[in-house]
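*Asks:* Each chain, written out:
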Amino acid sequence: MSSVVILMVAFAAAVLCLVPGVAEACSVCFSAREENRVAFIATTGFMTAMPFVLVGSLGWWLRARVLEHEQSERESAENDRKTTEPR
Amino acid sequence: MTTHTIRARTAGPSGVPAGPSQPRTPIVPNGVLGMLIFVIVEAMMFAGLISAFVIVQAAAVGSWPPPGQPRLPAGETAINTVALLLSGVALLFAQRSFRSEPARALRPLLVSILLGAFFVLFQGAEWVALIGRGLTLTSSTHGSFFYLIVGMHGLHAVAALGLLAFIAWRLQQGRLTQDLLSAGQVFWYFVVGLWPILYIQVYL
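Chains as they are written, first to last, in the numbering used here: chain A, 1 to 87; chain B, 1 to 204.
By construction, these hints were calculated from the structure, which means they are not laboratory data.
No residue lacks a Cβ here, since even glycine has one placed at the ideal position from N, Cα and C.
Careful, some of the hints might be misleading.
What the hints assert, rightly or not - For each label pair, taking beta carbons as the anchor points, the in silico distance ranges come out as:
# : chain 1 : residue 1 : chain 2 : residue 2 : range
1 : A       : 46        : B       : 83        : 51 to 57 Å
2 : A       : 61        : B       : 196       : 19 to 25 Å
3 : B       : 30        : A       : 84        : 31 to 37 Å
Claimed, not checked - Covered stretches of chain B (in silico footprint by chain A; criterion: 3 or more residues with CB under 8 Å from a CB of chain A, positions within the stretch not fixed):
# : segment
4 : 34–45
5 : 55–66
The following block holds chain B by itself, in its conformation from the complex (with noise of 0.2 Å):
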């Protein structure tokens, strides 16, 4: 599928297709499309369990949060908003960087990183601090949705954080291929781009 000839159409005036001898161009390369088909199947899956938490907060009786679950810490979790926000301008910086003079995206990609993981490790002390207040998984709905919903969002930001890690010792080896970033790229912006989404739903 991601390669394409366009022999039939391009062969000139007498329409003879042209040998096999010409070159199959890839229209785009194999690695981002099998990773834009993993990010349209995960968008499907979360659309599913931000759903099925909408439903479920419809149909609460009384408040949100449950009587005698705490509130989401939604002030702190928007400073981790912003950094994985710019974790995602870094990674652009990045990519553009690779394209003119591939040994200056070494810098933009490793402050892209540490964001990502900035972000992993604050997510991780809040649920500590959470817990410690009485929401856990069985607490209540409330807490189901919540540390299903931002769980499964970490498990894809710590993949991600791989991918990019994976990416970053291959530039550093000099064998980072254009095809391998812009794969790593669509996971991290699904990764970044969902966020905002899952934080207005779940937090505000």
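Okay, chain A solo, but in the shape it has when bound (with noise of 0.2 Å):
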């Protein structure tokens, strides 16, 4: 085993050491209650997820609003096309 590894680990090792048993945000953000935990939980991932869900359905429809038009135009240039053709 070669020397990095042995740091490594013993790097790893200590870092675990060190992790704490309990991580609290902040003294108010506590209580014993379990629906005050859950709401907690289930608030922070509502907030996280809300930014990413809105913003990202607005890219998502302006996307699809951009494919459509290319279609359209495509199919406009195709129509213009065998119109002016020579025969």
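Starting from the two chains in their separate frames, assemble the complex, guided by the hints.
*Replies:* Shown next, in the form of structure tokens:
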């Protein structure tokens, strides 16, 4: 086993020793009630997902409009080409 | 952003972009895109309010609403909710009529405005009754959140009704554009679509 691997394992072990048992964000965010903890977790997830969902939906919709527009432009160009083509 | 040119992709087999004479076609009208961005911002604000309300409700010791505070009139407000939803349906009919025959869009648009006005006035009457029963902005966190969340929605409803009234006026003048109607629709559908979520969270 190389010395680099030994050093990495030792570092990982040291980091693991420093991991706290309970990490509290702040003193006022803690409540012993289960409902409160669930509410915190649920609303954190909700608020984290909201911007991605909203902006993502708008981006997806805009992209769909662009693709739709491109398709109609292609069809229009094809029709123009057919009508102006010499027989 | 709303103006999209697809010159490079559709310029033909040579790949040479079309000249400047090619008209630029808007993918989404500026008014609609602006309204969508506004709605996204407002949706985040309401998401924050709802989150705060959920946490305070979960942290409440004992019953909810707090002792001594009146229960919200969920039954009466359900009728009001139906009126608001019908208002959204009426606006959908107005949009369809405007596409086929603009003059026929005025009636469903007015129905939509009247149902929206009924919703706002009903909310006002409900507030008067609740204040009389002791639920005020400072009486409890329940009262604070109720007036804040429902009040914010009411403000949006009033603003959207103002926009719909302006749209009706433009329609009567024969100067209404599809873009303006679409922008008004986005705003009103936000007001209509948000309310059932608030109703379930706050009233039930």
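*Asks:* Holds or violated: the segment 55–66 of chain B covered by chain A, criterion of 3 or more residues with Cβ-Cβ distance under 8 Å?
*Replies:* holds (count 4)
*Asks:* For the segment 34–45 of chain B, does the count of residues with a C-beta closer than 8 Å to a C-beta of chain A reach 3?
*Replies:* holds (count 5)
*Asks:* Do the Cβ positions of residue 46 of chain A and residue 83 of chain B conform to the proposed distance bound of 51 to 57 Å?
*Replies:* violated, 28 Å
*Asks:* Given the range 19 to 25 Å, decide if the beta-carbon distance of residue 61 of chain A to residue 196 of chain B lies inside it.
*Replies:* At 22 Å between Cβs, range holds.
*Asks:* Within 31 to 37 Å or not, the Cβ separation of residue 30 of chain B and residue 84 of chain A?
*Replies:* Holds - the Cβ-Cβ distance for residue 30 of chain B and residue 84 of chain A, about 34 Å, lies within 31 to 37 Å.
Hint 1 from the list above is the single one not met by this structure.
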